[in-house]
Amino acid sequence: MSDIQEKPEQRRSETSSSYTRQIDGQNVDFADCAHCTRYPNKWSSIREFIREPAAEFLGTMILVIFGCGGDCQVVLSSNTNVASSPKGEYLSLNLGWAIGVALGVWASGGISGGHINPAVTLALASVRNFPWKKVPGYILAQLLGGICGAGMVYGNYFHAINIYEGGPGIRTINGTAGLFATYAADYMTPVSCFFSEFLGSAMLIITILCITDRKNGPPPPGLIPLALFFVILGIGLALGMETGYAVNPARDLGPRILTAMVGYGSAVFTFRNQYWLWCSVLGPILGMQIGALVYDTLVFTGSESILNKPNAAAERRHLHACPQQRNKLPAGADVV
Numbered sequence: 045m046s047d048i049q050e051k052p053e054q055r056r057s058e059t060s061s062s063y064t065r066q067i068d069g070q071n072v073d074f075a076d077c078a079h080c081t082r083y084p085n086k087w088s089s090i091r092e093f094i095r096e097p098a099a100e101f102l103g104t105m106i107l108v109i110f111g112c113g114g115d116c117q118v119v120l121s122s123n124t125n126v127a128s129s130p131k132g133e134y135l136s137l138n139l140g141w142a143i144g145v146a147l148g149v150w151a152s153g154g155i156s157g158g159h160i161n162p163a164v165t166l167a168l169a170s171v172r173n174f175p176w177k178k179v180p181g182y183i184l185a186q187l188l189g190g191i192c193g194a195g196m197v198y199g200n201y202f203h204a205i206n207i208y209e210g211g212p213g214i215r216t217i218n219g220t221a222g223l224f225a226t227y228a229a230d231y232m233t234p235v236s237c238f239f240s241e242f243l244g245s246a247m248l249i250i251t252i253l254c255i256t257d258r259k260n261g262p263p264p265p266g267l268i269p270l271a272l273f274f275v276i277l278g279i280g281l282a283l284g285m286e287t288g289y290a291v292n293p294a295r296d297l298g299p300r301i302l303t304a305m306v307g308y309g310s311a312v313f314t315f316r317n318q319y320w321l322w323c324s325v326l327g328p329i330l331g332m333q334i335g336a337l338v339y340d341t342l343v344f345t346g347s348e349s350i351l352n353k354p355n356a357a358a359e360r361r362h363l364h365a366c367p368q369q370r371n372k373l374p375a376g377a378d379v380v
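Heads up: the sequence shown runs through residues 45 to 380, numbered per my numbering.
Think of the hints as simulated: they come from the structure by calculation, not from any bench. Here a beta-carbon is modelled for each residue, glycine too, at the ideal position from N, C-alpha and C. Warning: the hint list may mix true and false statements.
Stated by the list, open to error - Keeping only pairs whose Cα atoms sit at most 30 Å apart, straight-line, the calculated BS3-like set for lysine-lysine is:
| hint | residue 1 | residue 2 |
| --- | --- | --- |
| 1 | Lys177 | Lys353 |
| 2 | Lys86 | Lys177 |
| 3 | Lys259 | Lys178 |
| 4 | Lys178 | Lys86 |
| 5 | Lys131 | Lys259 |
| 6 | Lys178 | Lys353 |
| 7 | Lys259 | Lys177 |
What the hints assert, rightly or not - Derived DEER-like restraints, expressed as beta-carbon distance ranges:
| hint | residue 1 | residue 2 | range |
| --- | --- | --- | --- |
| 8 | Ile350 | His203 | 33 to 43 Å |
| 9 | Val235 | Thr345 | 33 to 43 Å |
| 10 | Tyr134 | Thr233 | 17 to 27 Å |
| 11 | Ile207 | Phe274 | 32 to 42 Å |
| 12 | Asn317 | Ser170 | 22 to 32 Å |
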């Protein structure tokens with residue numbers, strides 16, 4: 045399976061409000077009429093080519109809005125000049141990111157598969173049968189969604205950030221940059237930082253592949269986002285303290301780019317010798333590659349995996365045993 049959430053086969057009237065028009069005294073529903081054009085107008089023909097990346101963009105943007113928004117509300121409200129009392133605690137941060145993932149996948153799953161994570165897209169392309177030609181568009185859309193989502197949160201909390209930092213225009217790594225991108229605790233070594241992100245990402249892809257495996261007790265249709273809610277919540281509660289559990293290059297790099305644009309400067313990229321690259325980007329990507337290989341090596345039996353690709357002997361047995369395949373062979377042909 046190449047998608048986090050399987051894309052259902054639906055009539056267009058089931059996914060959008062139908063457009064009925066009276067022609068020659070008869071009502072014609074363009075959504076369900078098999079004889080009408082697929083594209084009732086010019087925009088609909090354009091949308092066909094951008095629909096899947098657009099869904100990834102929206103899903104990632106929703107993820108970041110709820111995740112970074114929760115970070116901002118909990119941390120900024122600890123300043124009495126921002127709020128009369130704190131508006132949350134560490135559990136609130138984890139819930140914000142879990143809700144963001146669930147809603148992001150819900151918004152995009154039926155269209156694009158609901159990856160909303162470049163590391164997931166790369167893992168499904170390299171280990172499963174997700175088309176490589178779609179990978180660049182998906183990753184670009186996810187990154188842009190992360191930037192736009194962080195921009196909306198920054199605009200919403202702009203005045204509170206000014207108060208928390210000590211004045212307009214003051215933007216620091218130790219102050220509020222961590223509300224948008226991840227920064228490891230001071231006591232963490234580079235190896236331990238990388239391992240933390242690697243481990244969390246491997247757990248994420250293993251559970252994703254588990255809950256989408258039809259032969260391994262998947263959740264009922266439509267409840268995959270709910271299952272992912274518990275996955276992200278669990279990763280945050282178990283592994284989130286030390287590096288902030290990015291486990292998603294777009295979730296970290298998109299907001300990081302936004303912070304560099306709005307006044308935090310190049311320090312967001314030079315922090316701990318390009319921490320953003322070797323930990324927040326490469327950690328999730330490598331973690332998910334290994335996690336996907338582990339699951340498919342030990343458990344998965346579906347034909348979508350490269351590890352289950354039939355060899356020459358299996359193909360010959362298939363041709364010999366399958367009546368449908370034998371009927372396609374030329375008369376007198378023999379299968380060795």
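Hint check results:
1. For the hint linking Lys177 to Lys353, the alpha-carbon distance of about 20 Å falls within 30 Å, and the restraint holds.
2. Restraint check for Lys86 and Lys177: satisfied, since their Cα atoms lie roughly 25 Å apart, inside the 30 Å limit.
3. Taken as a hint, the Lys259 and Lys178 pair is honoured in the structure, with Cα atoms around 27 Å apart against an allowance of 30 Å.
4. Simply put, Lys178 and Lys86 have alpha-carbon atoms about 23 Å apart, close enough for the 30 Å limit, and the pair holds.
5. A distance of roughly 43 Å separates the Cα atoms of Lys131 and Lys259; the hinted pair therefore is violated under the 30 Å criterion.
6. Only pairs whose Cα atoms come within 30 Å are accepted, and Lys178 paired with Lys353 is accepted, the gap being roughly 22 Å.
7. Our distance criterion of 30 Å between C-alpha atoms is met by Lys259 and Lys177, whose separation comes to about 28 Å.
8. Ile350 and His203 have their C-beta atoms about 51 Å apart, which leaves the hinted 33 to 43 Å range violated.
9. Val235 and Thr345 have their C-beta atoms about 35 Å apart, which keeps the hinted 33 to 43 Å range intact.
10. Separation of Tyr134 from Thr233 is about 23 Å and conforms to the stated range, judged on CB atoms against 17 to 27 Å.
11. For Ile207 paired with Phe274, a C-beta distance near 35 Å keeps the hint of 32 to 42 Å intact.
12. Restraint check, Asn317 to Ser170: a C-beta distance of roughly 28 Å satisfies the suggested window 22 to 32 Å.
The structure does not agree with the numbered hints 5 and 8 stated previously, though it agrees with the rest.
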